[in-house]
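*Asks:* Each chain, letter by letter, is given below.
2 protein chains.
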Amino acid sequence: MKEESTRARTPSYAALTGPSGPRGRASIRRTNLGVVLRILRDAGPRSRAQIAVDTGLPKPTVTTLVAELVSLGLVREGPAQREGSVGRPGTLVHIDGGHICGIGVEISTSYVHVLALTPSGDQVFEHRAAVAVADVGAEAVLDLTAREIRACHAALARDGIRPIGLTLAVPGVIDVATGTVTYAPAIGWHDVAVAEGLRARLPEPVPRIAVDNDAKLAALAEYALVQGTDIRDMVCITGERGIGAGIISDGRLLRGATGFAGEVGHMPLDPRRRPCVCGRSGCWEVMVGLDAILSLAADTGDRIHDTSAELESRLGELSRRAEAGDARTREALDRVAEDLGLGLALLADVLNPRVVVLGGYFTHIGDLIVERVREVLRTRVMAPDAGGCEVRLSTLGFAAAARGGTFLALEAVHQDPGGV
Amino acid sequence: MKEESTRARTPSYAALTGPSGPRGRASIRRTNLGVVLRILRDAGPRSRAQIAVDTGLPKPTVTTLVAELVSLGLVREGPAQREGSVGRPGTLVHIDGGHICGIGVEISTSYVHVLALTPSGDQVFEHRAAVAVADVGAEAVLDLTAREIRACHAALARDGIRPIGLTLAVPGVIDVATGTVTYAPAIGWHDVAVAEGLRARLPEPVPRIAVDNDAKLAALAEYALVQGTDIRDMVCITGERGIGAGIISDGRLLRGATGFAGEVGHMPLDPRRRPCVCGRSGCWEVMVGLDAILSLAADTGDRIHDTSAELESRLGELSRRAEAGDARTREALDRVAEDLGLGLALLADVLNPRVVVLGGYFTHIGDLIVERVREVLRTRVMAPDAGGCEVRLSTLGFAAAARGGTFLALEAVHQDPGGV
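Chains D and V, in that order, give the protein sequences.
Read in order, the letters of the first sequence are residues 1 to 420 in full-length UniProt numbering.
Read in order, the letters of the second sequence are residues 1 to 420 in full-length UniProt numbering.
Here chain D stands alone, though its shape is the one from the complex (with noise of 0.2 Å):
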């Protein structure tokens, strides 16, 4: 159990969301590149000597693998910076990767946002495309999509860094095997085939797509901010039309028996029952999704309810309103952070959370509501307080679900280095 746990407190995403990577004695060599890239990953430069040390594998062994890492462009030897030490400085194996990245892209119900990120976190890509999925159906989100990597593509071409995976966030219950978004209500789509589809509109060679929740990706992402806490247990509320949660039970990505966990949006929490897009009624996202705040804060016709214009701009105009002392709005904030407050206790007692985290437009209006969340919370929780449990609000907004994303394509290169 110790090495488990010891295991899990690295920012390793396999361990988040279980096994892959090829077995077998056939595969032992492509094995082995990958566990001294994680080495490196996780617990920084050094020395061959100190790697073969480390994973217990014979130093010409060691030696051998570095080699195939840096033919592969993945990492790179350089003198030690030890600085102030006297005598010829050693050499140290680097994680390089500046010549790939991993590609993460959110489909939302109001944009699509591609970023691109290096094994080492730089950005090399970020573009977001706003459009009303639920209004222009599939098949043009899917086109529209496809010609958003394509430039992505292009300008990655240009700086000659290579593409090695691409995952998908959609607000829905997603079959990860297939790529396939089984129902996702609050765009609108049910059974769309993502992988496949986005496959038959990209140019040769197409990296390897994922597709997966967003809620999940986006707590992948919030979870790696606080690796080398003690936090184990977190659970991460995506705000936009649609509520979702990624739930981090134990330094585990919680996915349920068929990957369906995490719907919290349709918890049936609302007392008047009112309808929900998936067709049922009471659903919590009635409540406290971003429709739900709108309408309470003004009327149709208002500009905040103007979908061609940025939903930051709208929930920048809904925060000076607030600021302003405007009674309805701030009535409005107060309602949704009442039953956010009350979804949030209600996961609290089920999962008993260290922190949750408020990402999508709560983290726009946080500062106007989390008191009142947190107040709540302590006297809606049936642990004493809270369990412990912490609210806090995302600093990665909106662009969490496809950073995450880009975490996830790029195990796929600290799994197995040689099949990249």
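If you are wondering where the hints come from, they were derived from the structure by calculation, not from laboratory data.
You may find that some hints are simply not true.
Claimed, not checked - Derived Cβ-Cβ restraints for the label pairs, each shown as a range: (1) V/S120 to D/H99: 56 to 62 Å; (2) V/E196 to D/E77: 57 to 63 Å; (3) V/R330 to D/R274: 28 to 34 Å; (4) D/R30 to V/D230: 27 to 33 Å.
Claimed, not checked - A few chain D residues that don't get close to chain V, going by computed Cβ distances all over 10 Å: (5) I39; (6) D54; (7) G160; (8) G228; (9) P268.
Note that this is a predicted model, so its numbers are computed, not measured.
For glycine and all other residues, C-beta sits at the position ideal for the given N, C-alpha and C.
For this one, chain D is given, so just place chain V on it according to the hints.
*Replies:* Below, chain V alone, put in the same frame as chain D:
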């Protein structure tokens, strides 16, 4: 990851409940005793040569370890039962442990239940004492519990069986580290030092005492029944005055950051926001707890409310009335089935379990409600087909928590046989 998933599939309660057992060089021998014992438990009787292969330990070491386990009364050596084979049969090492047992004690709202099982699962003691726990107060309940445990010890001593540990199950939030019941509104307890209180009431030598949440222990017992299947995500609902859940996620018991996970009885689901014993309002257990169904089914004064009678017989009366077509009873059952399905749908949205097990009082009225519960689940869960979630009735019923307690008590011997 492969090793981890294999380990979790074996009925190891350590894997379910987190790290335990000795660490460091000095305890390698003790650790190895546990390794050998767990191999025998999980994989069945085998030769010393086979144990050496399975564990990677040298044969002479295995011989020494087996001899020590024999002297501790935990294993025995005997001839292999090879029917029809010729020649001298080999000697196999078997789990013995008929001379030791684990004790599980459940303190529920209406009884104290003591159960003792040997490592091979033989029941060597059972007794249940009816008591209105909330009415008589914690001190009197601990007095009664200590008397019940002494009676158990006396019976075991007559049979030459040694209890190696004792686990108490209590319906509330528990500080597992100190064995204190932090908060248990269903029985009116607040900061009751149960482990300490019992140690003071029992004659030396007192076995190891642990205290844990009743629903979590019940889940361990229920999960043991599905070991070897592909079920890794399970929610076990306890039904008494209070409602709790033991959650198994990806083969592990979900405890949360401070051990308070699974307090599902206090999810705010009641649109009528009726008051709960916890001091809040609108809690799920107000809708589906034992008191709810009894008040819906009959006025005060009716014999199903008579707490001096066995709960099983009162629930039996309820079932007879429903089967005889009594309208009020049937409506009460439908109401509870509906509200139970609603809460389970919520848990399925959050956790996506493969199986929900209905335990406690639900076991006794299960046949009358389970079809309706399944129907609500199918229509209410966000994922198609309730995310593959199946609703089953517990076969352990009110005995589940005490049974889980015996498993946890016995786990100590599997982790550290020399320490027993």
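*Asks:* Quick check: which numbered hints come out false for this structure?
*Replies:* 9
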